[in-house]
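A.B. asks: Just so you know, the protein sequences line up as chains A and B, in that order.
Using my numbering, the first residue of the first sequence is number 1, and each one after it goes up by one.
Using my numbering, the first residue of the second sequence is number 1, and each one after it goes up by one.
Since the hints were derived computationally from the structure, they do not count as laboratory data.
There could be a bad hint or two in this list.
Identical chains share a label here; the pair holds if one copy fits it or two copies do between them.
Cross-link-like lysine-lysine pairs, in silico, BS3-like; alpha carbons within 25 Å at most [stated by the list, open to error]:
(1) K184 x K141
(2) K141 x K191
(3) K251 x K168
(4) K141 x K158
(5) K184 x K43
(6) K91 x K125
(7) K158 x K36
(8) K29 x K158
(9) K168 x K141
(10) K141 x K36
(11) K36 x K184
(12) K184 x K63
(13) K251 x K29
(14) K191 x K168
(15) K36 x K168
Number of protein chains: 2
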Amino acid sequence: MVREGSYTGTTSGVCVGYVQANLAILPQKYAEDFLKYAQRNPKPCPILECTKPGDPTTHIVAKNANIATDLPGYRVYRNGVAADTTSDISKYWRDDLVGFLIGCSYSFEYALMEAGLEIRCITDKNFGWAYETNIPCAPSKYFSGPVIASMRPFPADKIDLVYEITSKLPHAHGTPIYHGDPSKIGVSLDKPYCGDLPRIEPGEVPVFWGCGVTPQRAIEFAAPDLAITHDAGHMFITDVRESDLETHLAKFWL
Amino acid sequence: MVREGSYTGTTSGVCVGYVQANLAILPQKYAEDFLKYAQRNPKPCPILECTKPGDPTTHIVAKNANIATDLPGYRVYRNGVAADTTSDISKYWRDDLVGFLIGCSYSFEYALMEAGLEIRCITDKNFGWAYETNIPCAPSKYFSGPVIASMRPFPADKIDLVYEITSKLPHAHGTPIYHGDPSKIGVSLDKPYCGDLPRIEPGEVPVFWGCGVTPQRAIEFAAPDLAITHDAGHMFITDVRESDLETHLAKFWL
Chain A
1 MVREGSYTGT TSGVCVGYVQ ANLAILPQKY AEDFLKYAQR NPKPCPILEC TKPGDPTTHI
61 VAKNANIATD LPGYRVYRNG VAADTTSDIS KYWRDDLVGF LIGCSYSFEY ALMEAGLEIR
121 CITDKNFGWA YETNIPCAPS KYFSGPVIAS MRPFPADKID LVYEITSKLP HAHGTPIYHG
181 DPSKIGVSLD KPYCGDLPRI EPGEVPVFWG CGVTPQRAIE FAAPDLAITH DAGHMFITDV
241 RESDLETHLA KFWL
Chain B
1 MVREGSYTGT TSGVCVGYVQ ANLAILPQKY AEDFLKYAQR NPKPCPILEC TKPGDPTTHI
61 VAKNANIATD LPGYRVYRNG VAADTTSDIS KYWRDDLVGF LIGCSYSFEY ALMEAGLEIR
121 CITDKNFGWA YETNIPCAPS KYFSGPVIAS MRPFPADKID LVYEITSKLP HAHGTPIYHG
181 DPSKIGVSLD KPYCGDLPRI EPGEVPVFWG CGVTPQRAIE FAAPDLAITH DAGHMFITDV
241 RESDLETHLA KFWL
């Protein structure tokens with residue numbers, strides 16, 4: 001449906017139980033350095049798959065998907081500035097482009113829900129709350145910038161369970177980077193990086209995860225002539241079930 | 001020599017090539033929560049071994065070493081406040097104490113030197129430079145506080161090599177958490193957490209690693225009735241060679 005253009009909405013709560021992925025497409029000149037940046041910052045940027053230069057086909061997270069057509073929304077950057085949003089980037093495709101599919105926190109929401117936890121952004125039909133923190137990424141030659149974090153509130157007595165479940169999914173951002181007083185990571189909850197204001201009930205604690213939006217900020221800093229990412233909340237939906245993610249990836253990497 | 005009390009100095013540059021470890025000893029009541037805290041913050045707090053309650057004997061990092069006598073310097077905390085420094089904690093030992101041996105950045109210095117890099121704190125006969133950052137640890141029930149980071153300067157064109165080498169030693173703090181402008185992680189180089197002022201030459205970049213002093217700050221926050229750590233720079237020297245660390249640990253954990 002996405003490839004045919006009949007679905008262009010956000011993917012929050014869509015194909016529940018299947019791993020979703022953030023996307024970053026960069027000219028080959030920047031690709032090796034971006035990989036370095038991602039490896040230095042595995043919590044916000046867990047790499048699931050890199051495509052071959054010029055070839056938009058995926059082989060690991062989905063067989064023969066096309067990253068140029070199979071996301072419901074893209075953001076196109078020129079020299080680090082968002083210049084277009086579109087649902088098909090075929091016209092921007094070049095022979096030197098390399099795609100990076102990056103783990104997404106949507107991929108642990110199902111696991112948390114199966115344990116009886118409420119995912120507030122799904123309850124409230126929001127595509128998620130993200131904040132710019134004051135924690136900097138470990139930089140590479142071209143890429144740097146702050147860690148962007150997604151936030152979900154949970155009751156204080158469920159925090160341990162949240163860490164336990166997400167620790168088994170390092171390629172979906174793994175455990176939180178922090179929970180508790182948001183000001184300690186430079187966050188005001190009423191100033192989201194994107195999205196609406198969150199609803200937090202009494203007795204709940206805000207829990208923060210490294211977010212796949214982080215490389216978008218890094219692309220603004222690196223300012224390559226062309227870069228393409230997913231649009232906020234418009235992820236690549238893989239063929240991999242959440243519960244199979246780590247074993248599936250290990251098959252390709254061993 | 002340490003056990004007999006004939007060596008009570010710092011262990012920087014001592015037994016070069018052998019893994020050294022930070023120490024945290026806590027009452028059993030706090031032990032499970034401390035392990036949780038450490039697992040949530042693996043870069044500053046990579047756990048190498050936990051001892052059994054009441055038994056100071058090590059089995060993994062050294063056969064039959066005694067954590068109550070085999071460090072050249074200890075710091076004793078009462079209710080979160082440093083109350084004593086000593087080279088033998090036998091008189092403080094209790095049946096409910098659990099010891100945690102935590103990876104130490106001294107353990108990657110040899111690997112970096114073998115690659116031809118200068119370790120400034122060794123050149124300058126300093127036991128190391130550490131700074132309190134504005135990055136908070138992911139808290140547990142009792143333990144929280146900022147990440148303390150050790151700093152070593154390296155020439156800008158050697159940074160990639162530094163990441164590459166340290167990526168192979170995750171239990172010695174692994175890759176840096178950051179390099180570059182210290183103010184971005186809330187650090188002024190002229191205000192060390194402990195140690196003297198560092199010497200940084202033109203063209204060098206400060207590189208920061210999660211540091212095993214971090215749990216000492218967390219112990220100040222948790223304020224258990226008794227806690228014992230290594231004294232700054234006075235580490236536990238293990239029987240494990242740096243190059244064997246990861247494979248050695250894997251033998252016990254598989």
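A.B. asks: Is it within, between, both or neither when you check K141 against K36 at 25 Å Cα-Cα?
C.D. replies: within (9 Å within a copy, 34 Å between copies)
A.B. asks: First find the shortest C-alpha distance between K191 and K168 inside one copy, then the shortest across copies, and answer within, between, both or neither for a cut-off of 25 Å.
C.D. replies: neither (31 Å within a copy, 39 Å between copies)
A.B. asks: With identical chains, the pair K184 and K141 could be close in the same copy or across copies; at 25 Å between alpha carbons, which is it: within, between, both, or neither?
C.D. replies: between (28 Å within a copy, 17 Å between copies)
A.B. asks: Cα distance capped at 25 Å. Does K251 pair with K168 within a copy, between copies, both, or neither?
C.D. replies: both (17 Å within a copy, 21 Å between copies)
A.B. asks: Between copies, within a copy, both or neither: which fits K91 and K125 at Cα up to 25 Å?
C.D. replies: neither (32 Å within a copy, 60 Å between copies)
A.B. asks: For K184 and K43, with the copy left unspecified, which applies at a CA distance of at most 25 Å: within, between, both, or neither?
C.D. replies: Both: 18 Å inside a copy, 19 Å across copies.
A.B. asks: Since the copies are identical, ignore which copy is meant and state whether K141 and K191 lie within 25 Å (CA to CA) inside a copy, between copies, both or neither.
C.D. replies: neither (30 Å within a copy, 28 Å between copies)
A.B. asks: If the cutoff is 25 Å on CA atoms, where do K36 and K184 land: within, between, both or neither? Let me know, please.
C.D. replies: Answer is between: at 20 Å across copies they meet the 25 Å cutoff, but 28 Å inside does not.
A.B. asks: At most 25 Å between CA atoms: does that hold for K36 and K168 within a copy, between copies, both, or neither?
C.D. replies: both (24 Å within a copy, 14 Å between copies)
A.B. asks: From the Cα coordinates, with 25 Å as the cut-off, is the pair K158 and K36 best called within, between, both, or neither?
C.D. replies: Answer is between; shortest inter-copy Cα gap is 14 Å, intra-copy 35 Å.
A.B. asks: My question is about K141 and K158: at a cut-off of 25 Å on alpha-carbon distance, are they close within one copy, between copies, both, or neither?
C.D. replies: between (40 Å within a copy, 12 Å between copies)
A.B. asks: Within a copy, between copies, both or neither: which one fits K251 and K29 at a CA-CA cutoff of 25 Å?
C.D. replies: Neither: 29 Å inside a chain and 41 Å across chains, both beyond 25 Å.
When the structure is compared with the earlier hints, violations turn up for hints 2, 6, 12, 13, 14 and for no others.
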